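Peer 1: The task is simple: from the sequences and hints, build the whole structure.
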Amino acid sequence: MKSRTTITTIISLTCALSAQAHDPSEHKDKKGEKPRCEALKDMDPEAMDRDDPVVQALLKKCEKQLHRGDELPDREEDHDEND
Amino acid sequence: MTRMIKWLLAATIALAAGLAAFIYSGLYPIGADAPHAAATNWALATLRDRSIARASRDTPVPDLEDPELLLSGGPDYNDMCAGCHLKPGRDESDLSIGLYPTPPNLSKRAGDPRHQFWVIKHGIKTSGMPAWGPTHDDERIWAMVAFLQKLPELTPQQYQVLTARDSESGDHH
Numbered sequence: 033m034k035s036r037t038t039i040t041t042i043i044s045l046t047c048a049l050s051a052q053a054h055d056p057s058e059h060k061d062k063k064g065e066k067p068r069c070e071a072l073k074d075m076d077p078e079a080m081d082r083d084d085p086v087v088q089a090l091l092k093k094c095e096k097q098l099h100r101g102d103e104l105p106d107r108e109e110d111h112d113e114n115d
Numbered sequence: 215m216t217r218m219i220k221w222l223l224a225a226t227i228a229l230a231a232g233l234a235a236f237i238y239s240g241l242y243p244i245g246a247d248a249p250h251a252a253a254t255n256w257a258l259a260t261l262r263d264r265s266i267a268r269a270s271r272d273t274p275v276p277d278l279e280d281p282e283l284l285l286s287g288g289p290d291y292n293d294m295c296a297g298c299h300l301k302p303g304r305d306e307s308d309l310s311i312g313l314y315p316t317p318p319n320l321s322k323r324a325g326d327p328r329h330q331f332w333v334i335k336h337g338i339k340t341s342g343m344p345a346w347g348p349t350h351d352d353e354r355i356w357a358m359v360a361f362l363q364k365l366p367e368l369t370p371q372q373y374q375v376l377t378a379r380d381s382e383s384g385d386h387h
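Residue numbers (our numbering), protein chains in the order written: chain A, 33 to 115; chain B, 215 to 387.
FYI, nobody ran anything at the bench for these hints, they're computed from the structure. Quick caveat, the model's predicted, so the values are computed rather than measured. Be careful, since some hints might not be right.
[Unchecked claim] Lysine-lysine pairs mimicking BS3-like chemistry, simulated, CA-CA at most 27 angstroms apart:
(1) Lys96/A to Lys66/A
(2) Lys339/B to Lys322/B
(3) Lys73/A to Lys220/B
(4) Lys322/B to Lys335/B
(5) Lys92/A to Lys66/A
(6) Lys73/A to Lys96/A
(7) Lys66/A to Lys339/B
(8) Lys322/B to Lys92/A
(9) Lys92/A to Lys73/A
Peer 2: Pasting the structure below:
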């Protein structure tokens with residue numbers, strides 16, 4: 033009887049402690065809000081420093097949305113090169 | 215000399231007894247809506263700041279300029295921190311108003327990355343700041359620190375994009 037209680041306690045504790053382990057996937061479905069990439073269109077291309085990690089992260093995050101038709105704001109020199 | 219020692223001993227015992235009596239009396243206003251006296255506030259804030267500075271001084275800081283860190287740290291910040299520490303375009307929340315001491319608004323000013331890492335990992339006693347270390351590895355905490363370093367310069371729109379945990383752009387953890 034005593035050993036059964038001990039085993040039950042160990043199993044309960046193991047379950048409880050493993051439930052506390054924080055897996056990144058726990059956040060995965062939280063809100064599920066899509067990035068509103070249209071905000072990138074409002075950014076001034078002149079002022080956009082493409083070496084800036086923030087700009088790089090924004091472009092990377094919006095890669096798929098922008099490739100589906102929405103264009104990235106091009107810099108002036110990019111226009112010139114294409115002209 | 216012996217008499218003085220006796221007096222000092224008696225005073226110490228009386229002080230300890232008075233302190234114990236006060237603690238047991240329940241007279242201390244423990245409510246978060248009853249602010250500390252200025253001296254207590256100073257002592258606790260200094261204790262906190264000095265402790266964090268000493269404990270984190272030898273922490274090596276990794277390269278925080280990797281955009282991937284922003285992409286993984288941003289959603290974590292939004293889920294775990296923004297409720298208290300706010301975000302661009304939001305100056306207060308129920309938690310930032312109700313907590314005491316008031317949580318710092320991290321969208322206004324970037325702090326020392328070593329301090330930020332240590333506080334996220336270890337938390338701060340009796341402040342409402344939890345220790346995320348037991349459930350989050352160092353790499354994930356540094357990603358949040360990288361995001362914190364850029365947070366004050368983000369617009370609300372940029373914040374939304376970087377913190378959205380959408381399934382389409384992939385999980386950046």
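Peer 1: Taking the hints in turn, state whether each one holds.
Peer 2: Checked hints:
Our distance criterion of 27 angstroms between C-alpha atoms is met by Lys96/A and Lys66/A, whose separation comes to about 11 angstroms. Straight-line distance between C-alpha atoms of Lys339/B and Lys322/B comes to about 24 angstroms, which keeps the hinted pair within the 27 angstroms bound. Pair hint Lys73/A plus Lys220/B does not hold up; C-alpha atoms about 79 angstroms apart against a cutoff of 27 angstroms. A distance of roughly 21 angstroms separates the Cα atoms of Lys322/B and Lys335/B; the hinted pair therefore holds under the 27 angstroms criterion.
A distance of roughly 14 angstroms separates the Cα atoms of Lys92/A and Lys66/A; the hinted pair therefore holds under the 27 angstroms criterion. The hinted pair formed by Lys73/A and Lys96/A meets the criterion: a straight-line CA distance of about 15 angstroms does not exceed 27 angstroms. This hinted pair does not check out: Lys66/A and Lys339/B have alpha carbons roughly 36 angstroms apart, beyond 27 angstroms. With a C-alpha separation of about 25 angstroms, the suggested pairing of Lys322/B with Lys92/A holds against the 27 angstroms cut-off.
Restraint check for Lys92/A and Lys73/A: satisfied, since their Cα atoms lie roughly 15 angstroms apart, inside the 27 angstroms limit.
Hint compliance for this structure: hints 3 and 7 are broken, all remaining hints hold.
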